[in-house]
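Peer 1: Heads up: the sequence lines are chains A and B, in that order. Residue numbering for the first sequence is 147 to 255, as defined by our numbering. Residue numbering for the second sequence is 4 to 113, as defined by our numbering.
It is worth saying that the hints were derived from the structure and are not from the lab. Idealized CB from N, CA, C, for every residue including glycine. Please note that the accuracy of each hint is not assured.
A partial selection of chain B residues facing chain A, derived with a Cβ cut-off under 10 Å [what the hints assert, rightly or not]: (1) Ile-7; (2) Gln-9; (3) Pro-11; (4) Gly-46; (5) Leu-47; (6) Ala-95.
Far from chain B by the CB rule (all over 10 Å, computed), these chain A residues [what the hints assert, rightly or not]: (7) Pro-154; (8) Leu-165; (9) Tyr-168; (10) Ser-177; (11) Gln-179; (12) Glu-187; (13) Thr-197; (14) Gly-198; (15) Leu-204; (16) Ala-224; (17) Pro-255.
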Amino acid sequence: TQLLEQSPQFLSIQEGENLTVYCNSSSVFSSLQWYRQEPGEGPVLLVTVVTGGEVKKLKRLTFQFGDARKDSSLHITAAQPGDTGLYLCAGVSGYALNFGKGTSLLVTP
Amino acid sequence: SQTIHQWPATLVQPVGSPLSLECTVEGTSNPNLYWYRQAAGRGLQLLFYSVGIGQISSEVPQNLSASRPQDRQFILSSKKLLLSDSGFYLCAWSVGFEQYFGPGTRLTVT
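Between the sequences and the hints, there should be enough to build the whole structure, so can you do that?
Peer 2: Written out as structure tokens, the structure is:
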């Protein structure tokens with residue numbers, strides 16, 4: 147099993163602040179995905195990155211895939227309370243996804 | 004559009020009792036199907052996946068089993084639940100490598 151380490155595990159910030167969360171592995175992945183999960187619900191796919199060095203933007207969220215395809219980052223600009231949730235990264239490995247343990251984000255007004 | 008259903012939404016079962024969780028997908032054909040377990044709101048552990056009817060791959064040895072009797076139906080079962088089986092069970096489908104999750108079942112074993 148290819149391990150994905152996410153950091154930080156917990157993050158509590160105020161509305162309007164910027165933040166970056168990280169997803170790191172010693173293994174190379176063909177692609178990497180980011181999900182957001184709210185309490186009591188299933189994860190929702192945010193983005194898939196495929197090419198080393200790729201940057202994708204989703205409104206205030208910016209996702210980057212490392213050049214070596216071993217790591218990724220998620221940057222949120224001007225965080226809002228609606229961004230609160232568990233952010234999970236997952237690396238594609240054959241038919242399955244290997245998930246990190248997630249970063250739990252709390253944005254307070 | 005595709006939708007995925009799981010039931011029940013919540014379940015409280017005593018130790019030693021049997022378990023059956025069901026997952027169905029609508030709006031797609033021949034999807035890959037997955038069962039995950041999530042403990043304490045953290046990362047997802049892949050339990051089983053299936054690439055077709057009757058084809059089940061197990062990722063983690065345990066007292067759980069899975070079956071796929073129909074193309075878009077995936078069932079998670081146990082003959083005798085353990086306390087350690089408590090958790091949030093998620094079903095997912097994929098065509099390609101992007102996975103889409105159901106709403107989950109919260110299982111508490113007492």
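Peer 1: Does each hint fit the structure? Answer for all of them.
Peer 2: Now the hints, each set against the structure:
1. Ile-7: 8 Å, holds
2. Gln-9: Holds, because the Cβ-Cβ distance from Gln-9/B to chain A comes to roughly 8 Å (cut-off 10 Å).
3. Pro-11: The hint is violated - Pro-11/B has no Cβ within 10 Å of chain A, the shortest such distance being about 14 Å.
4. Gly-46: Holds, about 4 Å.
5. Leu-47: 4 Å, holds
6. Ala-95: At about 8 Å, which falls below the 10 Å cut-off, the nearest Cβ of chain A leaves the hint on Ala-95/B intact, so it holds.
7. Pro-154: Non-interface label on Pro-154/A holds, nearest chain B Cβ at 14 Å vs cutoff 10 Å.
8. Leu-165: 19 Å, holds
9. Tyr-168: 15 Å, holds
10. Ser-177: 6 Å, violated
11. Gln-179: Check fails; 7 Å does not lie beyond 10 Å.
12. Glu-187: Incorrect as stated: the minimum Cβ-Cβ distance to chain B is 6 Å, not above 10 Å.
13. Thr-197: Fine: 14 Å to the nearest Cβ keeps Thr-197/A off the interface.
14. Gly-198: Answer for Gly-198/A: holds, closest chain B Cβ roughly 17 Å.
15. Leu-204: 14 Å, holds
16. Ala-224: 25 Å, holds
17. Pro-255: At roughly 22 Å from the nearest Cβ of chain B, Pro-255/A sits farther out than 10 Å, so the non-interface label holds.
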